[in-house]
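Student: Protein chains in written order, with the numbering used here: chain A, 135 to 611; chain B, 999 to 1252.
Mixed in with the good hints, there may be bad ones.
Unchecked claim - Covered stretches of chain A, as calculated for chain B (at least 3 residues, CB under 8 Å): (1) 178 to 188; (2) 199 to 206; (3) 249 to 261; (4) 347 to 361.
What the hints assert, rightly or not - Straight-line Cα separation of at most 30 Å, BS3-like style, residue types lysine-lysine; simulated pairs: (5) K1013/B <-> K512/A; (6) K1001/B <-> K236/A; (7) K144/A <-> K491/A; (8) K164/A <-> K1058/B; (9) K1058/B <-> K517/A; (10) K1013/B <-> K491/A; (11) K517/A <-> K491/A; (12) K517/A <-> K164/A.
It is worth saying that the hints were derived from the structure and are not from the lab.
Computed from a predicted model, the values in this text were never measured in an experiment.
We put the CB at the ideal spot given by N, CA and C, even for glycine.
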Amino acid sequence: MVAITSPAFKENAARALADPGLQKALGTAKGAFLQRRAQAVANLPEFERLREIGRDIKNHTLANLDFYLDAYEAKVLAAGGMVHWCSTPDDARAVVLEICRKAGAKTVTKGKSMISEELGINAHLEANGIRPVETDLGEYILQLRQEHPSHIIAPAFHLNREDWEADFRRLHTDLPADRVFAERRDILAEARTKLREKFLQADVGITGANFLIAETGSSVIVTNEGNGDLTQTLPRVHIALASIEKVVPTLEDATSLLRLLARSATGQDFSVYTTFSTGARREADLDGPEEYHVVLIDGGRSNMLGTDFQEMLRCIRCAACMNHCPVYGAVGGHAYGWVYPGPMGSVLTPSLVGIDKTGLLPNASTFCGRCESVCPVKIPLPKLMRHWREREFERHLTPTAQRSNLNLWAWFARRPNAYRWATRAAIGALGLLGRGKGAFRSLPLAGGWTEGRDLPAPEPGGTFMARYARQQRGARR
Amino acid sequence: MTKEAILGAIRRGLKRGPLPAEQQAMLAGRLATHPRHLIPARSRLPRPDQVALFIRNVEKEFGTVERVPDLAGVPAALAEYLAAQNLPSRFVMAPHPEFEGIPWADRPLLEFERRRAEATDQVSLQHGWAAVAETGTLMLPSAPGRPTTLNLLAETEVVVLRASAIVGAYEEAWDRLRAENQDARSGGFMPRNIMFVTGPSRSADIEQTLELGAHGPRRLHVILVDDDLAALPMGDAVAPPPVALPGGPAAPGD
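Okay, chain B solo, but in the shape it has when bound:
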């Protein structure tokens, strides 16, 4: 069998037989405990600075961010963004349970369908599961409520992200995924697909010169919901707490 032939060739190259049981147990332990390596210091900051770092990094990579106090602020923020960009008020929306609590009726001109994206969609509204301040990166694991096509097919992708879902480094996001996500098929925690998205799509294939809008979205806009009191900019920290959000402060483990 080819598998045995390849493993045999590897062992011959390494000048040894199959690993002894002890060594195998040690390696299995390394897989199970997945030790962290050095994490750059740049994201180890107080919460408000961590969120500010995230925003700075998104903007550095040609994305945009708008902060709203709660989910109720999303319809107005979205409607105004679309109008400002001269985009239609129709969009495809992630069928995520958290979006059902949004008072869409506040902006009756907004039209949407809850489904995966199709090639004809111009605007998509995606649910942000987490984000990494270190590089301004959104983490979007596939789920029935978070189809992958929403990250790819529309020219404009808008992501609703809770400030409480921003972590400093990728490793923190992995640990949250391990703790919260159950994948029925594999028995593990990995969904079929996880996209880490840092800014809108681009290419530098023509004369090594950067152009935005390759095959994926040309615009990436983040509506940041300030559900994390500790993460508010310092001056705002004394503001009254926002109204309780549907679904609680942290995104459910979907």
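Isolated chain A (complex conformation):
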């Protein structure tokens, strides 16, 4: 499993804010996803209605999850595939290794899969003498750099073109050192050539799954590069990794969700390749894998059912929430310290690895609500982050200073007269002190604010309540 650095979120975030390369990359990327999504949504008048439908399909499936998983398995078996049920990441790693060993695999190609990041499949295969090769362009460079994705659909979101060129020169040492990368497409062409060899060598191909379909026993992947399809078509064995909440009942259900997915993710009407795989190669087929395995993983999902966090299991991993998040936009994905960044990560990570290590994540939000407003399956992300904050408080995981300040505030908030008196006194004092300059450069107990900007001094005229009372009196007159 990927190491968790979420407890160091504040330090991670501070480092990210001071990293000029990262800030440049975040700045370059920021607008692109938003504009493309807005355009795609504007071109589909039914989009809002489809979001409700997407939410309802997922809710219906989750309420009957046992039935649909059972039905799904029966169809996979009928099509000549295998389903491996795994309760824990350990179980799943063991099953994948066993399949690869039986296949005599030396090289394994991989399509982009967030569940495989969650399981840490690559490290496990490497430790056992099998070479995993990431084939998604972004994942490929991260594997070269020994990094993890910083975004769930654009894994190399944090890199600039210069990083790509430098890494390719450093690691593709068989190519002429003085070759020119005049355009981004030269970088792409080099990766294509390098990876083509790997696709042809691989004994096993591992992909994730965006959906599983109970009606037909199919797994669905969505890509733009075609790497996922080469991964699941050329090797003799295909393994699809999927967590249990990926199942949907029918092709029609999957179709409605697909109308939401690409638009929300990349702002495309449809991804370039949307592929349905059902079982192993048929008798007269000329290509396709001879073995088809689905590794079906619980990995903590069943614990979320029946809780406040069941709604999170609707997530279709489009990344719209992080693309629209001001916090993600400022610090990038690595600061969050585990596999899933941004608002969806701030809800999901505590569910999967525990709130004791991840309490800072649901606090890393301004609650501006943009994430919820763009979520294609209408997950109330701010509400769920608030639930985590409440649990953190109940379990006394909140730092002492914060707890005592909150208690102090609560004491005043329950006593309106004391509250008004205290705010009046504070405003009066601050107004008097700051009258000269009009603002404070620094202020005791407000260092967190004044470190980044000045605090304006209150203007004469009293508190909001005092002004409101005066205005009401004036209106009555």
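Since chain A is already given, all that's left is putting chain B on it; use the hints.
Tutor: For chain B alone, coordinates are given in the frame of chain A:
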């Protein structure tokens, strides 16, 4: 057993036991009848406009389309496309029965082999089973006559598609598949693989900037065979009917 453990954990979470028989029958009915949800209005158009929408959407996604009156027009269209792109006249072709009726001898310089694709192939000619106007998407189910590798390995993929195989929305294509396709292995209708292809392969992983030609084809060209009188552009609707096509107007259920 792990399966029972996981299903048990799901039921505990949902605070219930196994579903009652009635509920299970209702859900089985939902699977069997697979009800449609909202279908966007954009593809509900007269046939000529539906085909025009398909073409517009392919072009929007950086694919190209050329219309020919019948299958006999394919060799010339292909030869001219390859020449214009400065590509060799050798290609790998889907071993699809419908392609056997094409008069390849009309263009003797075209060289082809009927097989799956290999990494060295530069051009592939694929058989289009259906296409979805809603997003300009080709639907390519795997079959002995339609190998999946033809969609992936060559730098240039050319797809021969009958206009009669263009539908408005994905749901219509699913219903056609259910009606026409028999899969001997599963007893159902799903072949091993179905690729929905919308334009040539691409990546935006470098600085979120789109570049064409990632791991799949760099070019996607559709040769659209106008076998559907009702789908011809309005001005052409009075043209004499094309000569009868080998294999009939609709693709056989392969």
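Student: Decide, hint by hint, whether the structure agrees.
Tutor: Going through the hints against the structure:
For the stretch 178 to 188 of chain A, the assignment as covered by chain B holds, since 6 residues bring a beta-carbon within under 8 Å of that chain's beta-carbons and 3 suffice. Residue count for the stretch 199 to 206 of chain A with a Cβ under 8 Å from a Cβ of chain B: 7. That meets the three needed, and the coverage hint holds. Three residues within the 8 Å Cβ limit are the bar, and the stretch 249 to 261 of chain A against chain B gives 0, so the coverage statement is violated. Coverage of a stretch by a chain is defined here by at least three residues with a beta carbon nearer than 8 Å to that chain's beta carbons; for the stretch 347 to 361 of chain A and chain B the count is 9, and the condition holds.
Of the supplied pair hints, the one linking K1013/B and K512/A holds, its CA atoms being roughly 24 Å apart against a limit of 30 Å. Taking the CA atoms of K1001/B and K236/A, the gap is near 22 Å; set against the 30 Å cutoff, the hint holds. Using a Cα cut-off of 30 Å, the hinted pair K144/A and K491/A holds, with the two alpha carbons roughly 13 Å apart. About 24 Å separates the Cα atoms of K164/A and K1058/B, which keeps this hinted pair within 30 Å; it holds.
Of the supplied pair hints, the one linking K1058/B and K517/A is violated, its CA atoms being roughly 39 Å apart against a limit of 30 Å. The hinted pair formed by K1013/B and K491/A meets the criterion: a straight-line CA distance of about 28 Å does not exceed 30 Å. For a cut-off of 30 Å, the pair hint linking K517/A to K491/A stands: about 20 Å separates their Cα positions. Taking the CA atoms of K517/A and K164/A, the gap is near 25 Å; set against the 30 Å cutoff, the hint holds.
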